[in-house]
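Novice: Each chain, written out:
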Amino acid sequence: MCNQTRIFLGGNPGVGSLHRFRDAIQHGWPIPLEIEEHSHADMAARYQAGASGLPFAVLRGYVGSDIPKYNRSISSVVCPFTGEVLTATRALIPDVAIIHAQKADRKGNVLIQGILGIQKEAVLASKRVIVTVEEIVDRLAAPLNACVIPSWVVTYVSEVPGGAYPSYAHGYYQRDNGFCRAWDEISRDRVTFLQWMREHILDTEDFAGFRSSLPQGTMVSNA
Amino acid sequence: MPELAYTSIEIMTIAAARRLANSMVCFVGIGMPSAAANLARNLHAPDVVLIYESGTIGAKPSVLPLSIGDGELAETADGIVSVPELFRYWLQSGRVDVGFLGAAQIDKYGNINTTMIGGTYASPQVRLPGAGGAPEIATASKEVWIILKQSKRTFVEKLHFITSAGFRQGQSSAPKSADTAADCRPTRGRGPTIVITDLGILIPDPTTGEFTLSGIHPGASLEQVRAATGWDLKVFPHLETTPPPTAVELAALRDLHARTDAAHGSSIAER
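Respectively, the protein sequence lines represent chains B and C.
Residue numbers for the first sequence follow our numbering, so the first one is 1 and each next one is one higher.
Residue numbers for the second sequence follow our numbering, so the first one is 1001 and each next one is one higher.
Don't read these hints as lab results, they were simulated from the structure.
Just so you know, these numbers come straight off a predicted model, no measurement behind them.
Errors might be hidden in some of the hints.
What the hints assert, rightly or not - Partial list, computed: chain B residues near chain C (C-beta under 8 Å):
1. 60
2. 115
3. 116
4. 117
5. 118
6. 120
7. 121
8. 178
9. 204
Glycine is no exception: its CB is placed at the ideal position from the N, C-alpha and C atoms.
Make a model of the complete structure from these sequences and hints.
Specialist: The following block contains the structure:
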């Protein structure tokens, strides 16, 4: 079981806190969670270092912040050219990256469109890569300068229409804001949370089963 | 003309929006900063450049986004870059005029806590959402604006945890030669230059870096502001009263919220 989590922000879009995460940190339920906290700029730099095969990354980060006091992956380095003290942050090399994208072709080349985040860096930093896509197509037809992940750095591609749910896939379907609001209530209480998990996750076979377990009309079908 | 009825959140949002100039580049946090920045864009600052940390530069959303990752930010942006590029080329390089942040708590030196309250770091009484992009936004922007509701719970003498630095410990944390707030600023930027609340406006004392009341919203009293501040609040001699919202400002703000509610399916923003 994984009880080490690296987070940089825990939140529910437009709603607020993640109650289960908070309960785990504050009360150790269901198990105590060990966390290692980084800022967004730092996490982005760590993935870049991992993707670059470098042991650490440099940034001008955390000036005056208490975060580095509680995190052994954050240190400092002196610039050999100017003498400036900068933040050094350990490379992140995940065992596996799982991302969701719009399309892959039959060879496994992947096209990501819209907000890219740190997906490309996470893929290139990781030892194995699983990409779920809205659809597998004969020709990717990627525009010039598009963000394409070549097949030879991808371990598996799986066609999972609606796989970003309850979030969105740009060009395919919108985020289910109603679900995000409902999740606030479902996840607030341990009992209702466990009931929901049993009904929709633990007792369903796969993603299609999860989809069909949701109330009708909850998920807009793949366009 | 009869006085318009408005809420304290509305005047807070409007007071913040008024300060955003058309020529500025603003790195915007979700929630109240985003509401104020988009109100400014809908009023007097149509060309203000709004950057959301998902990598959307020059976003022009028609409704307030629920998260930094909303699709409309991408569709309306001048350009979309990766998150590493955003933080390196666009933020840490010093291209952002205003870092516009919300906060769970601040102290009198404009330091921000969004990490934890009470107990220890490993076992906090209250676990807050975390840093997000704020530690670097707060120190790499040319200046930082902070918007939050004012209460004894949110305005504290000393924070349990500094997530994002303002003037740290004020004058005492500055080098010996320092005699201005600018000398105890965390980095090359000017640090936090204003705190906008539902009761008034605070700006740092130029000598000590301590946030001091410079303006008060109509309807709020000095006693009320003092009672909502967890430190012994100092007041500038010429306390200004915020001009009340105009009909145009209020209509634009309410229209923005109505459009947002219609688009997202229900009420999402505090007002």
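Novice: Hint by hint, say whether it matches the structure.
Specialist: Verification of the supplied hints:
1. Annotation: residue 60 of chain B was flagged as interfacial toward chain C, and the flag holds, the nearest CB pair being 5 Å apart, inside 8 Å.
2. Interface restraint check for residue 115 of chain B: the shortest CB-CB distance to chain C comes to about 5 Å, inside 8 Å, so the restraint holds.
3. A cut of 8 Å between beta carbons decides the hint on residue 116 of chain B: the least distance to chain C is about 5 Å, and the hint holds.
4. With 8 Å as the threshold, the beta carbon of residue 117 of chain B comes within range of chain C, its nearest partner Cβ sitting at about 5 Å, so the hint holds.
5. Interface restraint check: residue 118 of chain B against chain C, minimum CB-CB distance 5 Å, threshold 8 Å, status holds.
6. Checking residue 120 of chain B against chain C by beta carbon gives a least distance of about 7 Å; that is within 8 Å, so the hint holds.
7. Taking 8 Å as the C-beta cut-off, the interface hint given for residue 121 of chain B holds, the closest approach to chain C being about 6 Å.
8. The interface hint given for residue 178 of chain B holds, since its Cβ lies 6 Å from the closest Cβ of chain C, which is under the 8 Å cut-off.
9. Hint status for residue 204 of chain B relative to chain C: violated, with the closest Cβ pair at about 26 Å, above 8 Å.
Consistency note: the structure conflicts with earlier hint 9 alone.
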